[in-house]
Amino acid sequence: MAADDVFSLHNVDYSEKGMELEIIVEGQIRLQTVIFSALDYLGEKWYYTEEGHRYILDARSRRGRQRFVKGYLDRIPVIVRQPIIVGRDSDQPQNLFYYGAVAIEEHGFKRELLAVVMKKSNVNVVWDLYWVEKNEVPRKIAVLYRAKGAGRYLTGR
Amino acid sequence: MTFNLRVVYDERDNLEAWIPEFDSEDRYDMEPGPYEMFSNARLKGAAYALDSLMIDGFSASYRRVMEEIQEKESSIPDRYNIPEFGLYDVPLSAVLEYVYQTYVLKRPSPVLEATVVVVRRAIPLPEEVIRKTNIRDNTRLLVRVIDENTLQLSKVDGDDRK
Numbered sequence: 001m002a003a004d005d006v007f008s009l010h011n012v013d014y015s016e017k018g019m020e021l022e023i024i025v026e027g028q029i030r031l032q033t034v035i036f037s038a039l040d041y042l043g044e045k046w047y048y049t050e051e052g053h054r055y056i057l058d059a060r061s062r063r064g065r066q067r068f069v070k071g072y073l074d075r076i077p078v079i080v081r082q083p084i085i086v087g088r089d090s091d092q093p094q095n096l097f098y099y100g101a102v103a104i105e106e107h108g109f110k111r112e113l114l115a116v117v118m119k120k121s122n123v124n125v126v127w128d129l130y131w132v133e134k135n136e137v138p139r140k141i142a143v144l145y146r147a148k149g150a151g152r153y154l155t156g157r
Numbered sequence: 001m002t003f004n005l006r007v008v009y010d011e012r013d014n015l016e017a018w019i020p021e022f023d024s025e026d027r028y029d030m031e032p033g034p035y036e037m038f039s040n041a042r043l044k045g046a047a048y049a050l051d052s053l054m055i056d057g058f059s060a061s062y063r064r065v066m067e068e069i070q071e072k073e074s075s076i077p078d079r080y081n082i083p084e085f086g087l088y089d090v091p092l093s094a095v096l097e098y099v100y101q102t103y104v105l106k107r108p109s110p111v112l113e114a115t116v117v118v119v120r121r122a123i124p125l126p127e128e129v130i131r132k133t134n135i136r137d138n139t140r141l142l143v144r145v146i147d148e149n150t151l152q153l154s155k156v157d158g159d160d161r162k
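Protein chains in written order, with the working numbering: chain S, 1 to 157; chain D, 1 to 162.
There may be inaccurate statements among the hints.
[To be verified] Below, computed lysine to any residue pairings styled on SDA-like, alpha-carbon distance capped at 25 Å:
1) D:LYS44 to S:TYR145
2) S:LYS120 to D:TYR62
3) S:LYS148 to S:GLN82
4) D:LYS155 to S:ILE104
5) D:LYS44 to D:GLU68
6) D:LYS44 to S:LEU31
7) S:LYS110 to S:LEU31
[Stated by the list, open to error] If you want the ones that stay clear, here's a sample from chain D, every Cβ over 12 Å from chain S, calculated:
8) ARG27
9) MET30
10) ALA41
11) ILE76
12) ILE82
13) PHE85
14) TYR88
15) THR102
16) LYS132
17) THR133
Just so you know, these hints were derived from the structure itself, not from any lab. We put the beta carbon where it would ideally sit given N, CA and C, even for glycine.
Isolated chain D, as found in the complex (with noise of 0.2 Å):
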């Protein structure tokens, strides 16, 4: 059976997906789902493997989650339509995989970062980068080196003092 999954993967690299047509606050007598890496489930009794997961820290639990889903999932025959990612009937491997390629993997990875203050702009910075940045005097910023051709200077989160 196929069935409509919303997914999310937010900044604290946790992964949440769901069947809505199941997620009701008056429906919530569960039981574990097939998978034990990783928290699913579903309601009691459901001819369906799961219709909810969570996974803490998909980026480094990624592989270990994959193995089990792929040992397990020639038994389980749910497929699964993900429209906001263009996915259709496929098995769940398929969406973590997407999730993992899409998001994990293309997440700026560095290979060095340091907090630096901001001591004098030396830099003429145009006014529009000025305006939008707020970058001053003091502003502390962080430098991820991605590769000996680029950096990648972002503010420290909530960093705006003077």
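Chain S with its partners taken away, still in its complex shape (with noise of 0.2 Å):
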């Protein structure tokens, strides 16, 4: 999938393409270009933004490992929908970490743990994307949802 492909989703609402979006982070105010909005696993809306996708591209253009992760933008609302395992952080209350393990073809189609980060403000927002290299939870994330078959994911607890 080419990055792109994230303008041409069957699964989203597009209704609101271009609108601009206030989210508070830290007390300062980001305006965000809204590319489309879904819902989350519990029902919530969430948008996913302009400025997030060019943060994820670039952030993970970074590193060879990490690269093919800008091939599989289009599983975002599908793991936010249908996560494996959601979780918090308590040091970053206003991060949501939606988990889902994606077939990755260029790992010869290993399933790998992907982590959909969610700003939760007065709008919520997308704010990365990237693999969990070790594939799993790192421990200081708390487990507020996990579905059939994360356990695996959650070693060491």
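Both chains are sitting in their own frames, so use the hints and assemble them into the complex.
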């Protein structure tokens, strides 16, 4: 999938595309421009924005091993709607982590753990997407929700 | 053993570090590194502690992360060079401490923040400042009170309305 495909997904809502949102992050207002909106596993609305899109593309370009993530941006709505694990870090209450196991073609279709970071504030905005390289949810993340089969990603707890 | 390390601390408060010589798209069979409080991994069977780490919300996680690193570090012989920081042959805790001291603590820490709208530009600004900032009536500004003598003004991200 090309990164541009986030502009033509079938399972999201583009009716607010181009709308400007103000999200308050650590007391600062940040303007975000909507690409699409969708619902999470609890039916709560969230937005995918141009600023988040650019950040993910830039940040995942830094390293060869994370670069493949840019080809899986279309999985963000799927992971957020049907996560295998949802968690929160008590140090960063504004962030919610949605984890999904995705078959990665570049890794011989091995299922790898991808994390969608959602900034929860006056509006909910996707903040980041990356591969959790050790395929294990860090211990500092408190699990709020786990689907069947999540145990293999929660070892050592 | 000592490794060269690349470290990026970005505008979204995420810290990422990795050993470039092991960072290859073709080498992805990973196992967990020794730390449990944040994402860290190494190639399966590697003889070193980790070749990558990611810490979301580094400023908020720093103390808990450092507690674990300092607790385990005595049994981990790996050392790192980060030439961009002028750090050589240091343990991981020294790398994170440097980033925290240099980038996190030096961010201005406001005691109060408010967004205001410029109603009338009453203070005559030098032409150079107007040209560079494009501040005009109705521009929204974030006012950060750093201390009793210091105000920091910044345009709200992307705001350039007339």
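State the violated hints by number, sorted upward, taking the hints as numbered earlier in the document.
1, 4, 6, 7, 8, 9 and 10
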